[in-house]
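S.K.: Residues per chain are reported as follows:
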Amino acid sequence: MPSPLLPNYLRANRKRLALSQDEVAFLLGTRSGGKVCRYERFVRQPSLETALAYEAIFRRSVSELFPGLYQKVERDVAERAKTLRERRDCKANGQTARKRQALTELAQSLA
Amino acid sequence: MKKTIPQYPRILAIAPSSRGFGFALLEGLNVLADWGVKSIKGDKNAGCTAKVAEMIAHYQPDVIVLEDASIKPFNRSARIRALGKRIVTLAERSRVAVRLFPRTQVWQMFFVEGQGTKHAIAEILAKKYPEELGFRLPPKRRPWMSEDYRMDIFDAVALSLVLRRRSTRNRT
Chain A
193 MPSPLLPNYL RANRKRLALS QDEVAFLLGT RSGGKVCRYE RFVRQPSLET
243 ALAYEAIFRR SVSELFPGLY QKVERDVAER AKTLRERRDC KANGQTARKR
293 QALTELAQSL A
Chain B
169 MKKTIPQYPR ILAIAPSSRG FGFALLEGLN VLADWGVKSI KGDKNAGCTA
219 KVAEMIAHYQ PDVIVLEDAS IKPFNRSARI RALGKRIVTL AERSRVAVRL
269 FPRTQVWQMF FVEGQGTKHA IAEILAKKYP EELGFRLPPK RRPWMSEDYR
319 MDIFDAVALS LVLRRRSTRN RT
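Just so you know, the protein sequences line up as chains A and B, in that order.
The first sequence maps to residues 193 to 303 in the numbering used here.
The second sequence maps to residues 169 to 340 in the numbering used here.
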């Protein structure tokens, strides 16, 4: 079983471009590098807008920049897909074959 | 008891030097998640141990890799050998597995004849990780120059790759 990944690779990507925390903060539109430091130490999670700004700066997708967080979210979605597939009301409402197939695939591919 | 290491472990490699230490964090399929040099002033061993403790708490590695400096004839100073022991003790206290590799094993991984230079290893690693390490490759050292501080990063990355190579080979 592989180890869970780190929540984000923001520090590695910043170092890859030889940028300082203050420079990244400027690019993100925040005042100082303190916030950037907290993101990199996994103390704070960036907003969607900041995450997209990171994607624009580092030219990497959000799921690549936040692999651990993505892994966790992906696993949670798979669990919920499994639950939704098994739900009685869902079946009673005439769940289509397509929907069931999509949920099965989602639960299996992400498990 | 030797702790078992998971598949694709998070590896923290430490390469102590006269200035402080170089480090590299490897995870997943050879993703270089962090790397750098920590310079310590004053009591170097106490400072280095404190920094390594911070890194263990932050990154929670599965395994720490160090150079085995205890093999005779000693090619590292008494202070660095003592630092190695302190890091091993710290890792054991934090319940992190430790693996020690002698320098010869690192060379065997990079060179067919088992002999080469640190700069040659650094060049190989700069080619393997061009975006991360390419611009950090120091110029080739001349006889009158002291070693560039950036070489500590390459030493640490090389150590982490030795463990990665060994663990993947053992599983295949």
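Think of the hints as simulated: they come from the structure by calculation, not from any bench.
Some hints here could point you the wrong way.
Away from chain A, derived, C-beta distances all over 12 Å, residues of chain B [what the hints assert, rightly or not]: (1) R187; (2) S207; (3) V231; (4) L258; (5) Q276; (6) F279; (7) K286; (8) Y297; (9) E299; (10) E300.
Where chain A lies over chain B, by a calculated footprint (3+ residues, C-beta under 8 Å) [unchecked claim]: (11) 174-181; (12) 219-226.
The calculated DMTMM-like cross-link candidates involving lysine to aspartate or glutamate, where the alpha carbons are at most 25 Å apart (straight line), are [stated by the list, open to error]: (13) B/K209 with B/D316; (14) B/K219 with B/D230; (15) A/K264 with B/E291; (16) A/K207 with B/E281; (17) A/K227 with A/E247; (18) A/K227 with B/D202; (19) B/K295 with B/E222; (20) B/K206 with A/E297; (21) B/K295 with A/D214; (22) A/K291 with A/E278; (23) A/K207 with B/D202; (24) A/K207 with B/E260; (25) B/K206 with A/E215; (26) A/K291 with B/D316; (27) A/K207 with B/E315; (28) B/K219 with A/D214; (29) A/K227 with A/E215; (30) A/K264 with A/E297; (31) A/K207 with B/D236; (32) A/K227 with B/E222; (33) B/K206 with B/E315; (34) B/K240 with B/E281; (35) B/K219 with B/E260; (36) B/K296 with A/E247.
Virtual Cβ for every residue (Gly too), placed ideally from N, Cα, C.
S.K.: For a C-alpha distance cap of 25 Å, please report whether A/K227 and B/D202 respect it.
M.R.: holds (19 Å)
S.K.: When you check the alpha-carbon spacing of B/K219 and B/D230, does it fall within 25 Å?
M.R.: holds (17 Å)
S.K.: Does A/D214 lie within 25 Å of B/K295 when you go C-alpha to C-alpha?
M.R.: Violated: B/K295 and A/D214 sit about 29 Å apart, past 25 Å.
S.K.: Is it true that the CA of B/K296 sits at most 25 Å from the CA of A/E247?
M.R.: Roughly 24 Å separates the two Cα atoms, so the pair holds.
S.K.: B/K206 and A/E297: Cα distance at most 25 Å?
M.R.: violated (47 Å)
S.K.: Just checking, B/R187 versus chain A, shortest CB gap more than 12 Å?
M.R.: holds (19 Å)
S.K.: Is the nearest Cβ of chain A still more than 12 Å from the Cβ of B/Q276?
M.R.: B/Q276 clear of chain A: closest Cβ-Cβ about 27 Å, beyond 12 Å.
S.K.: Are all beta-carbon distances from B/E299 to chain A longer than 12 Å?
M.R.: With a cut-off of 12 Å, B/E299 comes too close to chain A, as the shortest Cβ separation is near 5 Å.
S.K.: Is the hinted pair A/K207 and B/E281 satisfied, with a Cα-Cα distance of at most 25 Å?
M.R.: Distance of about 34 Å is beyond 25 Å: violated.
S.K.: Is the Cα-Cα distance between A/K291 and A/E278 25 Å or less?
M.R.: OK: A/K291 and A/E278 at ~12 Å, within 25 Å.
S.K.: Has the given pair, A/K207 with B/E260, been kept, meaning a C-alpha gap of at most 25 Å?
M.R.: Since the Cα atoms of A/K207 and B/E260 sit roughly 30 Å apart, the hinted pair is violated (cutoff 25 Å).
S.K.: When you check the alpha-carbon spacing of A/K207 and B/E315, does it fall within 25 Å?
M.R.: holds (22 Å)
Of the numbered hints listed earlier, those contradicted by the structure are 3, 8, 9, 10, 12, 15, 16, 19, 20, 21, 24, 26, 31.
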